[in-house]
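Visitor: One-letter residues, chain by chain:
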Amino acid sequence: MKRRSFIKRTAPVTVLPVLINGMSFKSYANSPLLRLLGAKAELNDKVLVLVQLNGGNDGLNTVIPLDQYTNLTAARPNLILDENKVLKLKGFDQTCLHPSMTGLQNLFNNESSLNILQAVGYPSPNFSHFRATDIWATAPIASNQYVTSGWAGRYLDDSYPGFPNGYPNSEHPDPLALSIGGIVSQTFQGPSYNMGMAISDPNNFYNFVDNVSTTVPDTPAGKELAYLRLVAQQTDQYAEKIKDSYNSVKTLSTMYPASGNSLANQLKIVARLIAGGLKTKIYLVSLGGFDTHSNQVNATGGTETGAHANLWENVSVGISAFMDDCHKLGISDKVAGLVYSEFGRRIASNASLGTDHGAGGPCMVFGTQVNNTILGTNPSIPSTVNAADNVPMQNDFRAIYSSILQQWFGLTKAEAAGVLLATYNTLPIFKTTGSVEKLNDSDLMVLENYPNPFHSTTSIRFKTNGGYTQLKVYDAIGNEVKTLVDKNLGAGSHTVSFDASSFPSGNYYYHLINGNKHLNKVMVKN
Amino acid sequence: MQRRDFFQQVSTALLSSPPKPTGTGRGEATPATGLAKYSGNWGRAETAHLLRRTLFGFKQSELEAFSKMNVDTAVDALLNIDTNPPSPPINAYTSNGMNVDPDVPAGQTWVNAKINPVFNNLRIQSVKAWWTGLKIEDTTIREKLVLFWHNHFSTESQVINIPQFFYQNNALLRKHCMGNFKTFVKEMTIDPGMLRYLNGYLNTKTAPDENYARELQELFTLGKGKDSQYTEDDVKAAAKVLTGWRVNNVNLSSYFDSNKHDTGDKQFSSFYNNAVISGKTGAAGADETDELVNLIFLQNEVAKFICRKIYRFFLYHEIDSNVETKVIEPLADIFRNNNYEIKPVLETLFKSEHFFDTLSMACQIKSPVDFTIGFCRQFELKFPDSSDYVKQYYEWNYVQAVSAVLQQDTGDPPNVAGWPAYYQVPMFNETWINSDTLPRRMGLASLLIFTGYSRGGYLLIVDVLDFASKMPNVQDPGKLVDDLLEMLLPLAVEQSVKDILKAGLLNGQSMDYYWTDAWNAYVANNNDTANKNYCTAQLKLVISYILNLAEYQLS
Chain A
1 MKRRSFIKRT APVTVLPVLI NGMSFKSYAN SPLLRLLGAK AELNDKVLVL VQLNGGNDGL
61 NTVIPLDQYT NLTAARPNLI LDENKVLKLK GFDQTCLHPS MTGLQNLFNN ESSLNILQAV
121 GYPSPNFSHF RATDIWATAP IASNQYVTSG WAGRYLDDSY PGFPNGYPNS EHPDPLALSI
181 GGIVSQTFQG PSYNMGMAIS DPNNFYNFVD NVSTTVPDTP AGKELAYLRL VAQQTDQYAE
241 KIKDSYNSVK TLSTMYPASG NSLANQLKIV ARLIAGGLKT KIYLVSLGGF DTHSNQVNAT
301 GGTETGAHAN LWENVSVGIS AFMDDCHKLG ISDKVAGLVY SEFGRRIASN ASLGTDHGAG
361 GPCMVFGTQV NNTILGTNPS IPSTVNAADN VPMQNDFRAI YSSILQQWFG LTKAEAAGVL
421 LATYNTLPIF KTTGSVEKLN DSDLMVLENY PNPFHSTTSI RFKTNGGYTQ LKVYDAIGNE
481 VKTLVDKNLG AGSHTVSFDA SSFPSGNYYY HLINGNKHLN KVMVKN
Chain B
1 MQRRDFFQQV STALLSSPPK PTGTGRGEAT PATGLAKYSG NWGRAETAHL LRRTLFGFKQ
61 SELEAFSKMN VDTAVDALLN IDTNPPSPPI NAYTSNGMNV DPDVPAGQTW VNAKINPVFN
121 NLRIQSVKAW WTGLKIEDTT IREKLVLFWH NHFSTESQVI NIPQFFYQNN ALLRKHCMGN
181 FKTFVKEMTI DPGMLRYLNG YLNTKTAPDE NYARELQELF TLGKGKDSQY TEDDVKAAAK
241 VLTGWRVNNV NLSSYFDSNK HDTGDKQFSS FYNNAVISGK TGAAGADETD ELVNLIFLQN
301 EVAKFICRKI YRFFLYHEID SNVETKVIEP LADIFRNNNY EIKPVLETLF KSEHFFDTLS
361 MACQIKSPVD FTIGFCRQFE LKFPDSSDYV KQYYEWNYVQ AVSAVLQQDT GDPPNVAGWP
421 AYYQVPMFNE TWINSDTLPR RMGLASLLIF TGYSRGGYLL IVDVLDFASK MPNVQDPGKL
481 VDDLLEMLLP LAVEQSVKDI LKAGLLNGQS MDYYWTDAWN AYVANNNDTA NKNYCTAQLK
541 LVISYILNLA EYQLS
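In the order they appear, the protein sequences are chains A and B. Just so you know, the working numbering puts 130 at position 130 of the first sequence, and the rest follows in order with no gaps. Just so you know, the working numbering puts 502 at position 502 of the second sequence, and the rest follows in order with no gaps.
None of these hints come from the bench; they were simulated from the model. Note that this is a predicted model, so its numbers are computed, not measured. Heads up, some of the hints might be wrong.
[Said to hold, decoys possible] Calculated Cβ distances over 12 Å to all of chain A for the following chain B residues:
{"hint": "1", "residue": "136"}
{"hint": "2", "residue": "309"}
{"hint": "3", "residue": "310"}
{"hint": "4", "residue": "343"}
{"hint": "5", "residue": "389"}
[Said to hold, decoys possible] Capping the alpha-carbon separation at 27 Å, the derived lysine-lysine pairs in DSSO-like fashion look like this:
{"hint": "6", "chain 1": "A", "residue 1": "482", "chain 2": "B", "residue 2": "205"}
{"hint": "7", "chain 1": "B", "residue 1": "205", "chain 2": "A", "residue 2": "525"}
{"hint": "8", "chain 1": "B", "residue 1": "236", "chain 2": "A", "residue 2": "525"}
{"hint": "9", "chain 1": "A", "residue 1": "482", "chain 2": "B", "residue 2": "236"}
{"hint": "10", "chain 1": "A", "residue 1": "472", "chain 2": "B", "residue 2": "236"}
{"hint": "11", "chain 1": "B", "residue 1": "205", "chain 2": "B", "residue 2": "226"}
For every residue, glycine included, the Cβ atom is placed at its ideal position computed from N, Cα and C.
Please model the complete structure; the sequences and the hints are all you need to start from.
Guide: Next up, the structure:
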């Protein structure tokens, strides 16, 4: 062997530049979720892009409830956006977007490509970034239950049996999931392996030394060694495919900013990989900085300026450019994206021009195949807001996952329930599939209580269309305090009494679910 | 047969088989040993294990010196840290008429200078470079502990955004790294950098901010385990206790403003035995902070939580019931019985049977800092000395930036929880390794072996001849391979790998003396270009091959 050949085996063909501002791109190849996907993937070319906003986004300054402005202004006087500057949404005159979200407004008003979900969360929310991120990634049945695999990971694990052994193969030559950013997301964690891989620059790969050794000891050291070899092997095997896909097409949109928008840069790579023919099912991109405890808005220059405005400007521009690119690359009909954050923020602002950790917040799904509408109603803002008060949940994030698995990836309801460990209601996020009942047909659903405010007991009246009906009461933080109805009921009006004599005074929310419809109201105990 | 053909035959057979990881590597066996004092053999393997875990990599001379000690003297030496604060970071950013600082002459420290936002980024880089230099130069456990505590009391320089406070926070980590943990928590609570990072300085009676109150319990003392049952109301009560702490940007310190303090009584939950911290007025309000820390430290869970973190950082991420009972619980007892002094815990752990159990060895994946600083130390990379501090800081910054690209930007962890590799179930330190970072690690090693990194007229490169010359049996190719493997890998490799490496030194020759002769000729005459080039080239191939093995990522 010539020395050159030896070098080729031992050193990279081209030594990797160590990029200071290098971005990492992760491809999630090995997860249970990806396995389940695999079977369906043969018949389904849909791609999902997860857009994770790290830190907890302030939903009330993102999707703005105009009909609640008086109470909202009282609760957050130093943050409230100018009523005349918020962006109108066609057909929804009481719901607006933050002034910096012109790109997303355009997707909604002119391109029919945005689905907005109000007040997404889960019962008994957790306010730690750490744990809340984990809950969103793993989708446990209850927020106090710990699951170590990710929801997408379980999906891939079911779809691609035996992974990583025997992968890639002729049927599944591409990574199952990819993520941009240096850390492999918990979302793609399978029962034993993470289904993902990470790359920064699709053009830079490394030729690994072939492993001479093939066995490892049955010890902790052996476990880690096996993992290292596996990553090396898989990186090597997927590298050419990723590189070829990336280089077979060019970016066509001119809307990506030249610099300063890391989310746009990540999405730009995703568009090229999809258009280049990579059959990866799920991509994850992320943007940090949403933990706006202080200086969320500028002290001077208007509340529509500042950190939160800049963040949404980046998200809005990034997604618009990506959608434009997808149109021009001819892939827009097979791409959809979910924008989410680990939690929302409190209704009341703090004195530092910021907001503290809260419960639910809005999510968005973008793509040409979505139902261009708002699912859910504007949150009810109480007239007196205490520091701990939160936006009550309307849409369960696990219902969004379940709906995506069914409507986008073609799983049956039972298969989706298998991945998500429980059955959740289906939301009409996409316009394409199946029989999804209309949501929030509030004309058909009456929900009210009397007296309000009340001292110890109040009566709640509601109308159901019959069938399974659930009525629960939550405290201001989002903890469930009482289940009033949880059974099949005949259609028509019903009244139940809520005895709150043992509960502290404050704001309470009551939440009615009937089939796929739900409704939320606030009441005050004095 | 031509030598070239021979080498080709051997290496093709060995190298071209595709990788097939067939071992399960499930790692089901975990150490059954406990904290009893280790009394087994003190050899080079044990020495190397201790050095890998307590330092960032080790030099050949350190392996020699420590292997002549015993477990007591070796651990004592490593824990014998310099308690004097190192001289602070300096202005290395003013050079060639650029970045002239009106307040701080070039070469002088800026840490007490007035805040000047124009220089914030340069000064933050200055701290990061300086800190990198401390890690490279340290010969005790100190800097590894500073990293441990930085991950524990996680702050981000970009959020603190005042370099003087970033430096003070870093100095505080060093001051208490092996001191008293309770004192550490008290001082960290009112550290200006921490007050800024978690909004403690904005926490007032009229606008309580719960950020620090939550993390104090969830991340810094009690954790979120099943025995940590503080409530949301405890978070709110703790936030009230902590109202009134402010930061003075002129005299660069924190202070207590009793006018901003909530003087009401603070009621805690049954988890804290329904304790009440009674509200105090005036300067006495600050004492409530101490009372809060004292209240939290009454919980047994504090010592256990910290001992688990120490275990995960220095030993292994998996803590099964066996480890919990035999290591964590008795270690936590030691911690409590010593009034939360950190040193007795470390001493007991590092001298224990459990630490030296073969199952505890080689099972950590190196963190990016371990990887980069360890590389600098193992190969004794030459950095510019302090007389050329501009270039010195420049090179240190490069090492820091590499670590950042590998996903560990010291000074800027991803969030208040620190790096996921230290907590994220089930992957823990496997999260350092993915298809992005593993190639980068290997690319970096190859870069510094083959061509070096050139910046500002300075070339950072491994001197492979110098490195090899430190090996005890450099003339013997078989023994040289063994010594290189002992230095660089924590696990034994198969004979077939050794054969490849030896063949690499011999470049196809079958007789050992070809290497011996070449080396001896070079040593006898450093100007013997042919032999010098030959030895250099073959050593580069062989060393980079070792660095490309998966085993090199383990510690």
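Visitor: Against chain A, does residue 310 (chain B) keep a CB gap of more than 12 Å to every residue?
Guide: 17 Å, holds
Visitor: In terms of Cβ atoms, is chain A entirely out of 12 Å range of residue 389 (chain B)?
Guide: 21 Å, holds
Visitor: Given the hinted pair residue 472 (chain A) and residue 236 (chain B), is their alpha-carbon gap at most 27 Å?
Guide: 26 Å, holds
Visitor: Does residue 343 (chain B) sit more than 12 Å from chain A, CB to CB?
Guide: Non-interface label stands for residue 343 (chain B): nearest chain A Cβ at 27 Å, farther than 12 Å.
Visitor: Does the structure keep residue 236 (chain B) and residue 525 (chain A) at a Cα separation of 27 Å or less?
Guide: Between residue 236 (chain B) and residue 525 (chain A) the Cα gap is close to 21 Å, so the pair holds against 27 Å.
Visitor: Next pair to validate is residue 205 (chain B) with residue 525 (chain A); report whether the Cα-Cα distance is within 27 Å.
Guide: 25 Å, holds
Visitor: According to the definition I'm using, a residue is off the interface if its beta carbon is farther than 12 Å from all beta carbons of the partner; does residue 309 (chain B) meet that for chain A?
Guide: Residue 309 (chain B) clear of chain A: closest Cβ-Cβ about 14 Å, beyond 12 Å.
Visitor: Was residue 136 (chain B) rightly flagged as not at the interface, with every chain A Cβ beyond 12 Å?
Guide: 18 Å, holds
Visitor: For the pair supplied as a hint, residue 205 (chain B) and residue 226 (chain B), confirm whether the alpha-carbon distance does not exceed 27 Å.
Guide: Violated, at roughly 32 Å.
Visitor: Can you confirm whether the C-alpha distance between residue 482 (chain A) and residue 236 (chain B) stays at or below 27 Å?
Guide: 24 Å, holds
Visitor: Hinted pair, alpha-carbon criterion (27 Å max): residue 482 (chain A), residue 205 (chain B). Please report holds or violated.
Guide: 33 Å, violated
Hint check: violations occur at hints 6 and 11; the rest are consistent with the structure.
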